[in-house]
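Top line first, the protein sequences correspond to chains Y and X.
Under the working numbering, residues 8 to 421 are what the first sequence spells out, in order.
Under the working numbering, residues 8 to 421 are what the second sequence spells out, in order.
Each hint should be verified, as a subset may be incorrect.
Pairs count within a copy or across copies, as identical chains cannot be separated in the list.
Within a straight-line C-alpha distance of at most 25 angstroms, the following computed DSS-like cross-link-like pairs (lysine-lysine) qualify [unchecked claim]:
id : residue 1 : residue 2
1  : K60       : K155
2  : K245      : K421
3  : K231      : K421
4  : K273      : K298
5  : K80       : K173
6  : K284      : K421
7  : K53       : K231
8  : K16       : K421
9  : K53       : K16
10 : K116      : K231
11 : K298      : K80
12 : K284      : K155
13 : K231      : K19
14 : K245      : K113
15 : K16       : K231
Honestly, the hints are just simulated from the structure, not real lab data.
2 protein chains.
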Amino acid sequence: MEHLTDFLKNAKAAAHVMSVLPGKRRSAVLNEMAQALLAQKETILKANAEDMKNAEAAGLSEAMCDRLLLNDKRLEEMATALCEIAALRDPVGRVLDGWVTDDGLKIEKVAVPIGVVGVIYESRPNVTADVAALCFKSGNVAILKGGKEAICSNTAIAAVLQSVLKANDLPEAAIALLPDGSREAVGWMVQQDRYLDLIVPRGGEALIKFVSENATVPVVKHDKGVCHLYVHIGADYKTTERVAINAKVQRPSACNAIETLLIDEKIAPAFLPRLKKAFDEAGTKLRGCEKTCAQIVIDPASEADWDEEYLSNTLAIKMVAGIDEAIAHIHRHGSSHSEAIVTTNHAAAEQFLNRVDAACVYVNASTRFTDGGQFGFGAEVGISTNKLHARGPMGVSELTTYKFQIYGDGQVRK
Amino acid sequence: MEHLTDFLKNAKAAAHVMSVLPGKRRSAVLNEMAQALLAQKETILKANAEDMKNAEAAGLSEAMCDRLLLNDKRLEEMATALCEIAALRDPVGRVLDGWVTDDGLKIEKVAVPIGVVGVIYESRPNVTADVAALCFKSGNVAILKGGKEAICSNTAIAAVLQSVLKANDLPEAAIALLPDGSREAVGWMVQQDRYLDLIVPRGGEALIKFVSENATVPVVKHDKGVCHLYVHIGADYKTTERVAINAKVQRPSACNAIETLLIDEKIAPAFLPRLKKAFDEAGTKLRGCEKTCAQIVIDPASEADWDEEYLSNTLAIKMVAGIDEAIAHIHRHGSSHSEAIVTTNHAAAEQFLNRVDAACVYVNASTRFTDGGQFGFGAEVGISTNKLHARGPMGVSELTTYKFQIYGDGQVRK
């Protein structure tokens with residue numbers, strides 16, 4: 008892996024340059040990158056056409072091909088996203104805490120870039136520009152590994168970004184595609200903790216398992232979402248229907264869509280027939296526990312359904328005796344991503360918020376809001392299902408760590 | 008490993024109880040634990056005598072035996088530490104950030120316990136009480152694995168703490184020693200990410216390497232410290248001597264002691280003879296680079312010296328051309344633990360603080376201050392050499408993560 012050792016050494020060297028690059032320059036360079044993407048439109052679209060041709064030849068599904076496609080509008084959106092990231096408040100240098108010790112040392116806890124960040128992702132070529140921009144904005148070096156189906160588009164986009172780095176006398180290694188995308192190369196890279204500071208895998212279960220099992224570098228996972236909506240006995244029907252339909256149907260393939268609806272058995276007889284009607288109109292396939300199937304005529308759910316991330320317009324429904332059973336079910340089957348309760352009862356709302364162990368816990372709102380853009384982070388590197396470092400949507404702040412800067416005037420320890 | 012699966016399941020169940028235990032009760036229980044340690048003094052000292060007997064039979068060094076020894080005074084210190092931890096501000100429930108989105112969702116980022124925390128450590132039995140208390144204070148479940156030389160003392164201490172849990176109707180699994188301390192058991196445990204949320208290894212390089220390579224659970228390492236003191240051209244001699252002697256000599260076996268002194272070649276002729284005299288008086292063995300040896304008569308340093316953590320009263324000295332060479336040396340050989348500059352020059356101080364990539368960067372103060380107690384954290388689980396989650400001294404705040412609690416009134420995503 009000698010060719011990759013040099014590649015990582017260059018990345019580490021670039022990280023030292025990036026860590027002292029003023030925020031104003033980082034923003035200015037990002038705006039130039041946005042312009043360059045538009046100026047080099049023809050080259051990028053030509054590369055994308057090559058990917059599209061290969062995708063069709065390989066028989067990729069229509070949905071996959073659509074995700075892969077770039078056009079004028081999508082390139083403009085990509086450029087706009089870069090400008091938005093450039094305009095965010097600089098996450099580097101924030102003083103997170105500070106105090107003076109009994110010895111008179113002034114301690115400041117200051118946000119600093121993480122260093123070299125590897126991101127592994129799939130299909131959409133705009134992720135290449137987004138992730139590169141988020142890492143650059145936060146003073147990090149980005150090592151990107153996209154899917155092989157988008158290799159021509161990703162290479163063209165990275166080349167444009169690197170040309171801007173070069174024109175600004177900045178190391179091109181600050182934004183680089185991993186030159187060897189083989190499984191062996193990835194497996195080797197995630198063990199190079201001397202050069203790599205963080206690895207973010209976004210993708211299927213197999214990828215995440217592979218990275219987690221092989222990495223010695225810290226991993227922030229963007230894993231699956233098995234999310235629930237719990238309809239409490241104190242729920243208002245209209246809110247229930249609006250939130251449930253949105254959380255399932257608005258984009259069933261997203262990780263923040265719900266998979267299971269838990270409903271209090273005391274209101275189930277009144278709510279279930281109306282909910283069935285609404286879900287039928289939305290084209291949702293329903294599966295229910297035994298008690299649910301006794302109320303409405305739907306397919307029975309098996310035990311495996313409670314752990315399933317459908318990624319499609321399918322919903323499992325389970326009746327529960329109350330909030331304790333609902334929370335126990337969530338802790339047993341959920342993936343600690345996004346969980347919601349619908350209720351008008353204040354105590355139940357607070358109990359749910361406090362007891363449920365998940366990145367995002369909602370009262371009377373759709374789980375679909377778990378998203379860097381919706382949270383106001385500008386954009387996101389991913390949605391962390393880790394408990395440590397970053398949890399939930401990861402924006403530029405989550406791409407920083409901290410150090411302690413300590414000012415003394417000759418203090419020594421007694 | 009079936010006996011350990013049940014053990015971890017109980018730990019996870021206890022974590023759900025701990026996560027909603029009010030801070031006031033956590034503090035009260037800790038104060039009771041402090042009292043119980045004193046009340047059960049005889050039992051603990053008897054168990055410790057057993058460890059001491061085995062240690063002597065096994066021919067452990069005098070230093071090791073002293074670390075292992077408990078007596079009335081040390082037990083009282085242990086109890087006092089528990090009361091101090093009880094008195095700390097509750098780290099759980101702090102609202103770290105909060106805002107309202109364009110959709111009118113109120114988002115609060117709230118500190119919550121991490122969950123189940125495994126800590127692997129060596130020798131000193133007081134670590135058992137300290138770490139258990141820090142985890143308990145922060146609402147976590149502690150799984151403790153101490154060294155086998157302290158097994159009787161650790162078992163006795165844990166039993167006392169558990170008796171207080173039991174008397175308070177709290178799950179005894181909230182503070183537990185790993186029932187099987189074999190390498191196989193540890194290797195298995197660090198892969199149980201379903202039950203374990205964090206593992207903190209504190210100890211020798213072999214342990215840390217073993218845990219890092221085998222863990223799928225997130226690891227916060229307490230690794231070695233190769234720390235430097237850089238004597239800038241603008242340094243004042245008196246401060247240099249005071250800080251240098253303290254940073255090396257006050258406790259050479261600590262990870263925050265310095266291993267290498269870097270000195271600007273322009274002031275070296277004036278400073279080195281005086282520093283040699285001071286270090287000779289302190290009994291420090293000096294090794295120097297070629298240029299240093301041309302100024303003072305000391306042993307020559309080899310290339311390997313620059314990467315060495317001596318853990319003894321030995322210091323390597325290297326002359327550098329200026330701040331760039333000093334920082335490059337630190338980045339090449341340092342372990343990103345604690346780094347210091349002595350200077351009267353403001354610009355040099357700021358440059359060093361900003362450019363050096365380490366957990367703690369000091370101006371005109373000893374690196375020996377990198378310590379939870381000295382930082383005002385009360386006590387510490389360890390000193391993290393990770394870049395992520397926690398960096399530097401880890402107190403109770405660093406034993407929390409966060410979740411987003413989101414208040415809506417029926418919002419759905421457009």
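Hints versus structure:
Taking the closest pair of Cα atoms, K60 and K155 come within 25 angstroms of each other only inside a single copy of the chain (13 angstroms); across copies the shortest separation is 63 angstroms, beyond that limit. In this assembly of identical chains, K245 and K421 lie within 25 angstroms of each other by CA distance solely across copies; the values are 17 angstroms between and 66 angstroms within a copy. Taking identical chains as interchangeable, the C-alpha atoms of K231 and K421 lie at most 25 angstroms apart only when they sit on different chains, with a minimum of 22 angstroms there against 51 angstroms within one chain. Proximity of K273 to K298 under the C-alpha cut-off of 25 angstroms is restricted to the intra-copy arrangement: shortest distance 12 angstroms within a copy versus 84 angstroms between copies.
Taking the shortest Cα distances, K80 and K173 never come within 25 angstroms of each other, neither inside one copy (27 angstroms) nor across copies (65 angstroms). In this assembly of identical chains, the alpha carbons of K284 and K421 lie at most 25 angstroms apart only when taken from different copies (22 angstroms versus 74 angstroms within one copy). With identical chains, the CA atoms of K53 and K231 are never at most 25 angstroms apart, being 34 angstroms at best within one copy and 51 angstroms at best between copies. Proximity of K16 to K421 under the C-alpha cut-off of 25 angstroms is found in neither arrangement, the shortest distances being 41 angstroms within a copy and 45 angstroms between copies.
Within a single copy, K53 and K16 get their C-alpha atoms no closer than 32 angstroms, and across copies no closer than 55 angstroms, so neither meets the 25 angstroms cut-off. Taking the closest pair of Cα atoms, K116 and K231 come within 25 angstroms of each other only across two copies (22 angstroms); inside a single copy the shortest separation is 33 angstroms, beyond that limit. For a Cα distance limit of 25 angstroms, the shortest separation of K298 from K80 qualifies neither inside one copy, at 49 angstroms, nor across copies, at 63 angstroms. In the homo-oligomer, the alpha carbons of K284 and K155 never lie at most 25 angstroms apart, since the shortest distance is 43 angstroms inside one protomer and 64 angstroms across protomers.
In this assembly of identical chains, the alpha carbons of K231 and K19 lie at most 25 angstroms apart only when taken from different copies (21 angstroms versus 31 angstroms within one copy). For a Cα distance limit of 25 angstroms, the shortest separation of K245 from K113 across copies, 21 angstroms, qualifies, whereas the shortest one inside one copy, 55 angstroms, does not. Taking the closest pair of Cα atoms, K16 and K231 come within 25 angstroms of each other only across two copies (22 angstroms); inside a single copy the shortest separation is 33 angstroms, beyond that limit.
The earlier numbered hints that this structure contradicts are 5, 7, 8, 9, 11, 12.
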